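Trainee: Start from chain E and add chain C according to the hints.
Single-letter residue listing:
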Amino acid sequence: MTSAAVNLHTFLDAIRFIGSNWHLLLDKAAQQLELAGAALGLAMAVVLPLGIALGHLRRGSTVAIAGSIAGRALPVLVLIAAFLTVFGIGFVNNMIALAVLASGPILINSYEGVAHVETNVVDAARASGMTAGEVLRRVELPLALPLLAAGVRVAAVTVVATAPIAAIAGGGGLGDIIVNQAGYGFDGVLGASICAMALSVFAYGVLTVLERAVTPAGLRRLAELEKGNRRRETVPVANIT
Amino acid sequence: MILAATGSGPVIPHYGTGSRCVVENHAFCSSWVSAHWGDTLQPALVQHVELTGIAVGIGFAIAFSAALLAYRRRWLSGPIEGISALLYTIPSLALFQILVPFTGITTTTVEVALVAYTLVMLFPNFVTGLNSVPADALDVARAMGFTRRQTLLRVELPLALPAIVAGLRVAVVSTVSLATVAAFLLPKGLGYPIFLALKEPSPFRTEIYAAGALAVGLALAADLLLVAARRVLAPWAHRGVA
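These protein sequence lines are chains E and C, in that order. Under numbering that gives the first Met the number 0, read the first sequence as residues 0 to 240, first letter to last. Under numbering that gives the first Met the number 0, read the second sequence as residues 0 to 241, first letter to last.
No lab work stands behind these hints: they were computed from the structure. Take the hints with a grain of salt, since some may be wrong.
Said to hold, decoys possible - For each label pair, taking beta carbons as the anchor points, the in silico distance ranges come out as:
1) C/105 / E/213: 42 to 52 Å
2) E/126 / C/152: 44 to 54 Å
3) E/180 / C/45: 26 to 36 Å
4) E/207 / C/138: 37 to 47 Å
What the hints assert, rightly or not - Computed footprint of chain E on chain C; a stretch qualifies when at least three of its residues, placed anywhere within it, have a C-beta under 8 Å from a C-beta of chain E:
5) 45-52
6) 84-91
7) 99-111
8) 162-173
9) 212-225
No experiment lies behind these values; they were computed from the predicted model shown. Positions of the beta carbon are idealized from the N, C-alpha and C atoms, including for glycine.
Just chain E, same shape as in the assembly (with noise of 0.2 Å):
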């Protein structure tokens, strides 16, 4: 047999798998979301204040760059398992790991979103009588928003990504299968994989609509405009050669 044709019926097992067990796929699937969304919501309620706050004053740039590169740096097996010591087994280790991971992205976007917003228009802003507080949430939020979101999206397509590491600590989820190759067989285990990344394809293409749904109508309009004068700025570059 060909190898092509190896890999074609290790599929086609791997998609009956999926057919005959879906129910219990569906039920994991929750269960990651579940972690996921929890995960998500935690680093969302602590970070995007703190992201905010710094962005508004202006300072603590070095916080949030030596935050995001810390949220990156810490592989989350590493988090996992640190947490799991401290925790024990279960939903609690494996949802603060993942917050972990979370803020990162977070944090950064929101501090340069509100930080990045042009003096000038803040300004104009404060001498328009604005207080502060109506300047934030009037100016620099909307403006920062588009930036926010995408600190978001990345932040949760690589939860829902990484939540079928939890399994190793009773997270459950389609990592419990994908774990598993001596109770599923490596059918289950194949079916189970694809399942996490249709999932994640999935939540990466909720997320992204969602993300160009709250950003503001006039926002996009400019970047539209600025996508053409880029382009036309192109021109000559291209002529060059």
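Mentor: Structure of chain C alone, referenced to chain E:
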């Protein structure tokens, strides 16, 4: 066995007997680290450096070629960025298994997945770096009679260097982190000691902390090395492109 005689259950069966600290699974046993540096931690660290280095190296070659192509044919950059972003969303645990029918339970499988994940961090940075070369600089190069190749090597690439290094930094740090997941497929890298420690009836703390610290330390060391490299190669770009 000595452990059975003392009455306390062995916490880490796969290492046999150990000191009291190890048997009682204290927070951190430096004696264990020095005793098992040579047979456990050091090999895992070396494997981890290999896994990361190969992945970032191949990822760099692919992303760099793709960026040069997208620099000339601009319409390509959107689709390439979209595909690499989509690849990045696939859970590593799942991608390893999905590749197994093609490449088996091998290092190749791990590397293919890790390379795929680097693209989303490298390609957009490379393209941004090339596109941010000022038109003035290109005009000057043309006025000086530079060929297309000379312009690329002497003007465009040096000016894009800070963005290229910025992409590499993110890719290296993320790959060090992702490579720990390889332990679910292969007994390789710093994830493996952690994986074993978690399999114990009560997770062996020293091993988790030691291997975890090595992984974080490796990521930070690689990051510092790239910052130093940028200072040498592009001394004009000191102000951070974080």
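Trainee: Does the region 45-52 of chain C contain three or more residues whose Cβ lies closer than 8 Å to a Cβ of chain E?
Mentor: Since 0 is below three, the answer is violated.
Trainee: Between the region 162-173 of chain C and chain E, see if three or more residues pass the 8 Å beta-carbon test, and mark the coverage as holds or violated.
Mentor: Result for this restraint: holds, n = 3.
Trainee: Taking the Cβ atom of residue 180 of chain E and the Cβ atom of residue 45 of chain C, is their distance within the range 26 to 36 Å?
Mentor: Given about 28 Å between the Cβ atoms, the range holds.
Trainee: I want to verify a distance hint. Is the separation of the beta carbons of residue 126 of chain E and residue 152 of chain C within 44 to 54 Å?
Mentor: holds (50 Å)
Trainee: Are 3 or more residues of the region 99-111 of chain C near chain E, judged by a Cβ distance of less than 8 Å?
Mentor: holds (count 3)
Trainee: Do at least three Cβ atoms from the region 212-225 of chain C come closer than 8 Å to Cβ atoms of chain E?
Mentor: holds (count 5)
Trainee: Holds or violated: the 37 to 47 Å window for the beta-carbon distance between residue 207 of chain E and residue 138 of chain C?
Mentor: holds (38 Å)
Trainee: That 42 to 52 Å hint for residue 105 of chain C and residue 213 of chain E (C-beta), does it hold up?
Mentor: With Cβ atoms ~44 Å apart, the hint holds.
Trainee: For the region 84-91 of chain C, does the count of residues with a C-beta closer than 8 Å to a C-beta of chain E reach 3?
Mentor: The restraint on the region 84-91 of chain C holds, since 7 of its residues have a Cβ under 8 Å from chain E and three suffice.
The earlier numbered hint that this structure contradicts is number 5, and it is the only one.
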